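Read off the chains here:
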Amino acid sequence: MKLLEKTSRIYLLASLVIYLAVGVAFYWIIKYMIYDEVETRLKVEMRDFESFIHTHDTWNNNSYFVENKIEVVPVYGAYDHSVIFKDTLIQNRYDEGIGPFRQVTFYTVIGGVPHRIAIRKSMIESYKLIEAISAAMITFLGLLMISMFLFQRRLSGKLWKPFYDTLTRIKEFDLTQKEKLQLPQSEVTEFSELDDVLKKMADKMQHDYTSLKEFTENASHEIQTPLALINARVEQFIQSKDLSENHTYWIEEIYHASRRMSRLNQGLLLLAKIENQQFTEAEDIDLTELLKNKLPDFEDIIRHKEIDVEMNLTGSFDIHMSHALADIFLNNILSNAIRHNLSKGKICLESDAGFIRISNTGHDLKADPERLFERFKKESAGSESVGLGLAIVKQICDNYGLAVAYTYHETIHSILIRPEVKEGNG
Amino acid sequence: MKILVVEDEKGLAESIVDYLSKEGFTCEVANTFWQADEKVSLYQYDCTIVDLTLPDGEGFGIIETLKKIAATTGIIIISARNTLEDKIKGLEIGSDDYMTKPFHLSELNARVKSLIRRRNFGGNNDMIWREITVQLQARKVFVNERETLLSRKEYDLLLYFLSNIDVALTKESIAEHLWGDHMDSADSLDMVYSHIKNLRRKILERGGKDYIQSIYGIGYKFTAS
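Just so you know, the protein sequences line up as chains A and B, in that order.
With my numbering, letter number 357 in the first sequence gets 357, and the count goes up by one each step, no holes.
If you count the second sequence from 1, you need to add 1000 to reach my numbering.
It is worth saying that the hints were derived from the structure and are not from the lab.
What you are looking at is a predicted structure, and each value in this text was computed from that prediction instead of being measured.
Some clues are possibly wrong.
What the hints assert, rightly or not - If the Cβ cut is set under 10 angstroms, some of the chain B residues that face chain A in the computed set are:
# : residue
1 : Glu-1014
2 : Asp-1018
3 : Glu-1172
4 : Leu-1178
As the list claims (entries may be wrong) - What the simulated footprint calls covered on chain B by chain A, stretch by stretch (three residues with Cβ under 8 angstroms from a Cβ of chain A suffice, anywhere in the stretch; the number is not a length):
#  : stretch
5  : 1005–1013
6  : 1025–1038
7  : 1098–1104
8  : 1131–1145
9  : 1187–1193
10 : 1205–1217
Even glycine gets a Cβ: it sits at the ideal position worked out from N, Cα and C.
Required output: the full structure, derived from the provided sequences and hints.
Quick look at the structure:
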């Protein structure tokens, strides 16, 4: 939910509750005051009536014009002396309408006989008054609420505008570009502080990115060049005619070591580049299709090892990623499945919209399968590989929101790739 | 055939020159950008080998100058940078090949020769060595005028040998030549062995001599001696 929407909602809810409470309280206060007034007048009339009885000791309904106003009824039997006020509805004398009345009931003795006397007052005018006041109040409160609501909406929209501007700029910010993060100046201290902090962070990130990028480029050049020299010199050296067996052995060792070093260096630099997210270009790639196209590259070795390849590619696995990385990714997985396979073994490729699985037969696994994704973890210490292949696969997966799992079950090794399940509200 | 080697690492430049000179090329070296720039504008070369990272400039600049002056010169980039962007840029501005350091001298040699062949004859000539004739255009191989059918890899292997006659080739360089550098495993060395066995057998079948000599611990040599 957006910030402005959220504050609007909270404001609306709170003001609704407050205005409702104020409205109800106001209504009760007015009602109480009107009743109080009516009852005071009824009490005055009651006293007038009693003093009239006291003087004349008789009552004639005719002495009052207004019929329903005073009702005198003789009471037989027990009565109490309580004075009771209550609301009642009485039919109007002239038409069929029923009107609300406030009535006071009390007992008094007229001519030696106890009577119950009820004196009434029409409430119709008072009710009309209450209605009018209430209507006016609801209207005014409603108007007040709407205008306050609109006002606070505009106000918070205006107040938060620098924040939204900053947010947009940060979203557009690309740390791989040379352009610095530009943020609008705000007169609100908190926002300008936020902008300062963000600018500092962005500058630092940009600086780190560039220096790491330069480092990988330089390291690549500075290490590969001497290695190229070693390689070249070894090649020249082996051309000599009179090499003893010992010489050949040493030179072979030097050659292998330098080749391994070169591969190690390339692998580590590639990892650093992926980690630093230097592969910025991306396109929509169907990994299933790419996997299918990759197989012919390995045709020779598959035939040589007499590996049986079983394909069960049903759907396309689409992803938006760098083509160069997708290539490296599948290359590593496939060559892994071939390198660690048995001769006359089997490779099974399965894919669907939601996953890609590459399984191969192989030797027993001694290490924990998940640990094979760590750098320099390899099953056999003496093997030619430098132990970075799966670490690179894992790093690529991490960068593109893929989950990769290595499972091992009864000599079948499988690598399962699928989109990462995002946790929480995303 | 004249070749210019633009490489700031003196030892490496020396190795390249040494290796290519033995193959019959006349080589010159430039260690800096300006040296290379000067040489390129003064003399004519059949092929130029350019390193991209030079102390006083980018190798790309030399390629651009070369393309303006003499468009017929073949250009091979040798660089420690192996990013796709660099490779694409190199090809876009007119280089013919891109090799990532470290590379094999034998591979560089094969590529220089193939480039010069393409430049000079449009790939339309035959490669003849003793009783072996290779029709490059048709990708056909004749031994004693009788055609022998080679697989794609065997053909590539033979061509690689013919480009590096009398030179000791490591098994690794052969494997890399045939399958690229992503095929690094003990299996690929086995495969080299079986391809060589087949090639040797096919040449012998047509009455050719056995020119493939194996060198213990290192690799093979294609030689008449």
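Each hint tested on the structure:
Interface restraint check: Glu-1014/B against chain A, minimum CB-CB distance 9 angstroms, threshold 10 angstroms, status holds. Interface hint status for Asp-1018/B: upheld, as the beta-carbon distance to the closest one in chain A is roughly 6 angstroms, under 10 angstroms. With 10 angstroms as the threshold, the beta carbon of Glu-1172/B comes within range of chain A, its nearest partner Cβ sitting at about 7 angstroms, so the hint holds. Interface hint status for Leu-1178/B: upheld, as the beta-carbon distance to the closest one in chain A is roughly 8 angstroms, under 10 angstroms.
Residue count for the stretch 1005–1013 of chain B with a Cβ under 8 angstroms from a Cβ of chain A: 3. That meets the three needed, and the coverage hint holds. For the stretch 1025–1038 of chain B, the stated coverage by chain A is violated: 0 residues have a C-beta nearer than 8 angstroms to a C-beta of that chain, whereas at least 3 were required. For a cut-off of 8 angstroms, the count of residues in the stretch 1098–1104 of chain B with a CB near a CB of chain A stands at 5, and the three-residue condition holds. Only residues whose C-beta sits within less than 8 angstroms of a C-beta in chain A count toward coverage, and the stretch 1131–1145 of chain B has 0 of them, not enough to reach three; the restraint is violated.
Restraint check on the stretch 1187–1193 of chain B versus chain A: 4 residues with Cβ-Cβ distances below 8 angstroms, three needed, restraint holds. Given as covered by chain A, the stretch 1205–1217 of chain B passes the check, having 3 residues with a CB less than 8 angstroms from a CB of that chain where 3 are the minimum.
Violated hints, in rising order: 6, 8; the structure is consistent with all others.
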